[in-house]
Amino acid sequence: MRPWAFRVDRSLHFTAISHTTTATTLCIAAGFISDDDDDNLLRSAAYETIGELINAAPVDCRPCIDAFVPKFLERLQATFSPDFDKEQQNQLQTALCCTLENSLNVLGAEYRPYINPTIQLLFSIFQSKTNTVHEEALSLFGALIQRMLLCASKHARK
Amino acid sequence: MNDAIATFVEQLSTDPSEPVRDTTAWTLGRIAELHPDSIKPVLHVVINVLGQSLSQPPKVANSATWALHNVILIFAEEADEKTSPLSKYFFDLFTALLATADRYVCV
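Protein sequence lines correspond, in order, to chains Z and B.
Residue 104 in the working numbering sits at position 104 of the first sequence; the count goes up by one each step and never skips.
Take any residue in the second sequence, note its place counting from 1, add 158, and you have its number in the working numbering.
Incorrect hints may have been included.
[What the hints assert, rightly or not] Okay, derived cross-link-like pairs now, EDC-like style, lysine to aspartate or glutamate, Cα gap no bigger than 16 Å in a straight line: (1) Lys240(B) to Asp60(Z); (2) Lys198(B) to Asp173(B); (3) Lys198(B) to Glu235(B); (4) Lys198(B) to Asp260(B); (5) Lys71(Z) to Asp260(B); (6) Lys246(B) to Asp60(Z); (7) Lys129(Z) to Glu87(Z); (8) Lys129(Z) to Asp85(Z); (9) Lys246(B) to Asp260(B).
These aren't lab readings, by the way, just hints derived from the structure by calculation.
Quick caveat: nothing in here was measured; it's all calculated off a predicted structure.
Given these sequences and hints, build the entire structure.
Shown next as structure tokens:
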């Protein structure tokens, strides 16, 4: 049995995770959830909190986010390694697509140097056959297109 | 409330029982969610203890992560400001959370 709070997406709220904490403990006691699921929950929770941290970033913290975007891209690239099992790959790609979208929304035009590498990685994701990741990847792709159109219209006006 | 927070902070960093630390981190998260104004004066202590708890066993770390999430939400409305009380902790929180996300993954 997999707790529904396992999946990372923008609609997931930590309140929900907190409410399942006791239930999760009971499920582990009953043998339904392994320690691996605990680790997976923690990873999802950490990325969700990173996303919230990015969203709450004031102007003076934006250079820090800018510095971390290449690290997120590196991590996304690393998920294509055969060392990852399918489940772990799905989870990480979903979380990283969400994080990159948060970064894009906060950085705006400053995200421009990362647009090409992000699109290349998204194409690699689209070639895989995982519906869960596709939802997040499409959302990031849409945000990228929106950003590019905004840049293009600014240039056209000039 | 301040006394209670001080007790929870102490318990989270020193209690030998993992379930107690887990519940304490969760309680700090609930305080941040329901009484955000009581967290603001003790932000430094709360962020420090929750940040340190990220390296604890997964259940405690998960509750600490959730608590941090709620602490961060307190300052979500200040996102467009030049600076916020979070600025001071931003880099360290970012690094600690990323390390937590990578705990069981070699990337």
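Here's how the hints hold up against the structure:
1. Lys240(B) to Asp60(Z): It holds: about 6 Å lies between the C-alpha atoms, which stays within 16 Å.
2. Lys198(B) to Asp173(B): violated, 24 Å
3. Lys198(B) to Glu235(B): Between Lys198(B) and Glu235(B) the Cα gap is close to 14 Å, so the pair holds against 16 Å.
4. Lys198(B) to Asp260(B): violated, 29 Å
5. Lys71(Z) to Asp260(B): With Cα atoms ~12 Å apart, Lys71(Z) and Asp260(B) stay inside 16 Å; holds.
6. Lys246(B) to Asp60(Z): Holds - the C-alpha atoms of Asp60(Z) and Lys246(B) are around 10 Å apart, at most 16 Å.
7. Lys129(Z) to Glu87(Z): holds, 12 Å
8. Lys129(Z) to Asp85(Z): holds, 14 Å
9. Lys246(B) to Asp260(B): violated, 23 Å
Violated hints for the displayed structure, listed by number in ascending order: 2, 4 and 9.
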